[in-house]
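S.K.: With the hints as constraints, model all of the structure from the sequences given.
Residue numbers (the working numbering), protein chains in the order written: chain U, 51 to 128; chain W, -2 to 348.
Where hints are given, some of them may not hold.
As the list claims (entries may be wrong) - Pulled a few chain U residues facing chain W out of the computed Cβ check, cut under 8 Å:
#1 Y90
#2 G97
#3 I98
#4 A99
#5 G114
Calculated from the structure, these hints are not laboratory results.
Positions of the beta carbon are idealized from the N, C-alpha and C atoms, including for glycine.
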Amino acid sequence: MKNVKVLGSGCKRCEAAADLVRAEAQKLGVEIELEKVTDYAAIAGYGIASTPGLVIDGKVVHAGGLPKSDDVAKWLMA
Amino acid sequence: MSVEASPSPNAARSPVLWVGAALAAVVLWFALYWRLEDFSAWVVGKLQLPAGSHIEEAARFFVFDTPKVLMLLALVVFAMGVVRSFFSPERTRALLAGKREGFGNVAAAGLGVVTPFCSCSAVPMFVGFISAGVPLGVALSFLISAPMVNEVALGLLFALVGWKVAAIYLGFGLAVAIVAGWVIGRLNLESWLEEWVRNVRAGNTDLPVDHRTIVDRIHAGLDAMRDIVGRVWMWMIVGIAVGAFIHGYVPSDLFASIMGRGEWWSVPAVVLIAVPIYSNAAGVIPVVEALLSKGAPLGTVLAFMMSIIAISFPEMVILRKVLTPRLIAVFVGVVATGIIAVGYLFNFLFS
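M.R.: This is the structure we're talking about:
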């Protein structure tokens, strides 16, 4: 079970990023627990300055813009 | 599905092919662009409008400017998308953290031009900057220059109004951002930030190293093009329609007389008018082009344009989440003063 956090406050791309992670996880058969972090203070606490950000099992793997699905797959399989 | 076999999804694609295709597309772009005037003359001819009439003049402007501005926008946004793939807000922040004021303001304003920015990400970026120890005034220099001196504004000004005005806009846009940020920094208003912003401390993070290939960067350019052109094309058409109306129907010297070269109050007046108007650069520049062609003074028009883009009500609502109303008032006051100064200076220099 991987814990995935999508950092970002309600922007369109943040939604898209969350959907992308969900779709990739399902495709790969990886079980995930998806969490959305919308609080600006919490987001800054992860050390990123651009959203959407992705945190997998406590580690920041991506910041700013929609990640590529191949990359998401890589992070989920890691 | 062999994910681990291909570390970068584009590594398999030939870089030569991609760079070649990109170059071919740019050449095709120029070929089309040179033929545009003939094409629009042909279209307007087909419309059978009475020659020399207001409606013909307006139609000519609209039919020529719409594809022209769209094409320019696409090219400029693509090029900047590629350039911006070398910068990230995180890296910009690392460059700015702990910088002294003064030099920090200059660096922040400059980085504001090349760092990817959209007003939807202004708040997380601002909080991210402050929490990492970027001084308030330096963060504000960034926040002023990023939306105002952007590639869309510069590219369109360059193409529609000329390189001189674009260079002037770049120089003085940066100057306003630097000086306004520096002044606010001098005032020591950190305590006027919202309480929670002052208490956030940035976590340390090691973002993965940037391994992007040239093909990835071309992709970044294409993504930016799709994203930005998709977002602003409606603004642009409205702007061109307003410009077309001005071109066809407004008498030549109307703006010269209203915005009056000699009237001292014309610059603050257009800034006041512009604050509640919200548009982005793509919408406002066709209007600027039309205003200038009708004899409006350059400084007044630049002040109008800068305040429409830099000070807008929706942006203040977004900033309200992090700045107290007092600080927003100071921010608007300082930026507006800077813009008014630029307006006066240009009317003085170019009159």
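S.K.: Determine for every hint whether it applies to the structure shown.
M.R.: Hints and how they fare:
no. : hint : result
1   : Y90  : holds (5 Å)
2   : G97  : holds (3 Å)
3   : I98  : holds (6 Å)
4   : A99  : holds (3 Å)
5   : G114 : holds (6 Å)
The earlier numbered hints are all upheld by this structure, with none contradicted.
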